[in-house]
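Participant: Residues per chain, in single letters:
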Amino acid sequence: MRKTRSLAAIAAALVLISFVLPAPVQAADAKAALIEREHQCLAQTTLDAAMECYDPSDALVLYDANTPREFDGAKAVRTNFQPAYDDMKNPKYDISAEHAEVAAKLGYTFGIVHLTGTDKAGKPVDLTWRSTNIWRNEHGVWKMIHEHNSFPVDMATGKVDMQSK
Amino acid sequence: MRWSAMLAVAMVVMMVGAGTAKASADDDVKTQIGALERKCLSYMDIDQKMSCYSSSDDLVIFGLTNPESAVYGAKAVRAFFERMLTLISDPTFEIINLEIIPDGDLAVAIMTQHATATLQGGRHIDTSFRVTEVWRKEAGGWKIVHAHSSYPIDPNTGAPNIHVQ
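Line order of the protein sequences matches chains A and B. Read in order, the letters of the first sequence are residues 1 to 165 in the working numbering. Read in order, the letters of the second sequence are residues 1001 to 1165 in the working numbering.
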């Protein structure tokens, strides 16, 4: 009985806190948590750890910088990412113009991602692309359910611009 | 029946009811966003076009090409569409593979768009590309707050695939 009362008291306190805290404060905290999650995910150095950031189901949809049009499901996404994790050495990422917003269990982030490192032949890699991520909070953990990475096309040359700022 | 069992039954009934209501609300949002997607694409008047977008500073568009690879704020987005609308005539748009994910005051639409148009100078274009859009429920209804359009790169040629299927 004492345990039941304690649980009820905790539940009541949580409900009270959700009403007492102003909505903008809660929204700011949720945004900060999602941005922190994105940074954690970007910093993962193994494919297994990176895939923990994605919805493990077949509902995951990736629009990556390369063809085909899309990769459907976690298995296809993992296969697409494998060469990058096999070939890249000392990758360093930073994100500029970063933005996040959360509503209920859905959130989105976007920004300009800059990657530097070396490929397996020791050749420097320096790429900048646009990234939009759609996240769903599953049991308290943010997982990506959709990712869109791309380079813009330079109108003057018709070629892909891999250093667009 | 003990009070705790009655409480458990009541909670299950409430959860099932809430789940059904949410599914119904989500279906309504999907229908609304689907209709808005088609209507907004058809708008060739700048004021009509901008009525689909948030008027806030956090509106950001990642366009297909430079120099509109990243456009920040409603004012700059308006200038972008004003320029685009003067560049093309007789456009047609088709939405393929539209998927809408709603939750709370956000909804995400992912799709392929097929577009044809005549450019200034008479050149005809026929192209398909990936689009991710984030809609937010604002005082004036559902508005686009982020859009990301892109062509994937064909790794065999290094060129953008402007006819993704």
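Misleading hints may appear alongside valid ones.
Said to hold, decoys possible - Beta-carbon label-pair distances, calculated as ranges:
(1) G122/A / T1086/B: 11 to 21 Å
(2) L115/A / T1020/B: 14 to 24 Å
(3) P1091/B / E52/A: 15 to 25 Å
(4) E1099/B / V125/A: 16 to 26 Å
(5) D1026/B / G140/A: 31 to 41 Å
(6) H39/A / P1091/B: 33 to 43 Å
As the list claims (entries may be wrong) - With a cut-off of at most 30 Å between alpha-carbon atoms, the simulated BS3-like pairs for lysine-lysine come out as follows:
(7) K89/A / K75/A
(8) K1022/B / K1137/B
(9) K75/A / K1030/B
(10) K75/A / K1039/B
(11) K159/A / K1137/B
(12) K1039/B / K1137/B
(13) K1022/B / K1039/B
(14) K1022/B / K31/A
(15) K1075/B / K31/A
(16) K31/A / K1137/B
(17) K1049/B / K31/A
(18) K1022/B / K105/A
(19) K143/A / K1137/B
(20) K1022/B / K92/A
(21) K1137/B / K105/A
(22) K89/A / K123/A
(23) K1075/B / K1022/B
(24) K159/A / K123/A
(25) K159/A / K1022/B
(26) K1030/B / K31/A
(27) K105/A / K1030/B
(28) K123/A / K1030/B
(29) K105/A / K159/A
If you are wondering where the hints come from, they were derived from the structure by calculation, not from laboratory data. Nothing here was measured: the structure is a model prediction, and the numbers come from that model. For glycine and all other residues, C-beta sits at the position ideal for the given N, C-alpha and C.
Participant: With reference to the structure, classify each hint as holding or not holding.
Facilitator: Verification of the supplied hints:
Distance hint for G122/A and T1086/B: a CB-CB separation of about 48 Å, inconsistent with the stated range 11 to 21 Å. In this structure, L115/A and T1020/B break the distance hint of 14 to 24 Å, their C-beta atoms being roughly 45 Å apart. In this structure the supplied range 15 to 25 Å is violated for P1091/B paired with E52/A, their Cβ-Cβ distance being about 43 Å. Evaluation of the 16 to 26 Å hint for E1099/B and V125/A yields a failure: the beta carbon distance comes to about 32 Å.
For the pair D1026/B and G140/A, the beta carbons lie near 21 Å from each other, so the given range of 31 to 41 Å is not met. Judged by the Cβ atoms, the range 33 to 43 Å given for H39/A and P1091/B holds: they are separated by roughly 40 Å. Taken as a hint, the K89/A and K75/A pair is honoured in the structure, with Cα atoms around 24 Å apart against an allowance of 30 Å. This hinted pair checks out: K1022/B and K1137/B have alpha carbons roughly 16 Å apart, not beyond 30 Å.
For the proposed pair K75/A and K1030/B, the alpha carbon gap of about 27 Å is at most 30 Å, so the pair holds. Between K75/A and K1039/B the alpha-carbon distance is near 35 Å, which puts this suggested pair outside the 30 Å criterion. Taking the CA atoms of K159/A and K1137/B, the gap is about 37 Å. The hint is violated against a cut of 30 Å. Taking the CA atoms of K1039/B and K1137/B, the gap is about 17 Å. The hint holds against a cut of 30 Å.
For the hint linking K1022/B to K1039/B, the alpha-carbon distance of about 26 Å falls within 30 Å, and the restraint holds. At roughly 24 Å between alpha-carbon atoms, K1022/B and K31/A fall within 30 Å of each other, so this suggested pair holds. With a C-alpha separation of about 24 Å, the suggested pair K1075/B and K31/A falls inside the 30 Å cut-off, and the hint holds. For a cut-off of 30 Å, the pair hint linking K31/A to K1137/B stands: about 17 Å separates their Cα positions.
Restraint check for K1049/B and K31/A: satisfied, since their Cα atoms lie roughly 29 Å apart, inside the 30 Å limit. For the hint linking K1022/B to K105/A, the alpha-carbon distance of about 13 Å falls within 30 Å, and the restraint holds. With a C-alpha separation of about 23 Å, the suggested pair K143/A and K1137/B falls inside the 30 Å cut-off, and the hint holds. In summary, the hint linking K1022/B to K92/A is not supported, as the alpha carbons are separated by about 41 Å, beyond the 30 Å threshold.
A C-alpha spacing of about 15 Å is found between K1137/B and K105/A, which places the hinted pair at or below 30 Å, so the restraint holds. With a C-alpha separation of about 10 Å, the suggested pair K89/A and K123/A falls inside the 30 Å cut-off, and the hint holds. For the proposed pair K1075/B and K1022/B, the alpha carbon gap of about 35 Å is over 30 Å, so the pair is violated. The straight-line distance between the Cα atoms of K159/A and K123/A is roughly 22 Å, inside the 30 Å bound, and the hint therefore holds.
Straight-line distance between C-alpha atoms of K159/A and K1022/B comes to about 45 Å, which puts the hinted pair past the 30 Å bound. Proximity of K1030/B to K31/A is assessed by CA-CA distance (about 25 Å); at most 30 Å being required, the pair is judged to hold. Of the supplied pair hints, the one linking K105/A and K1030/B holds, its CA atoms being roughly 17 Å apart against a limit of 30 Å. For the hint pairing K123/A with K1030/B, the CA-to-CA distance comes to about 47 Å; that exceeds 30 Å, so the pair is violated.
This hinted pair does not check out: K105/A and K159/A have alpha carbons roughly 38 Å apart, beyond 30 Å.
Hints 1, 2, 3, 4, 5, 10, 11, 20, 23, 25, 28, 29 from the earlier list are contradicted by this structure; the remaining hints agree with it.
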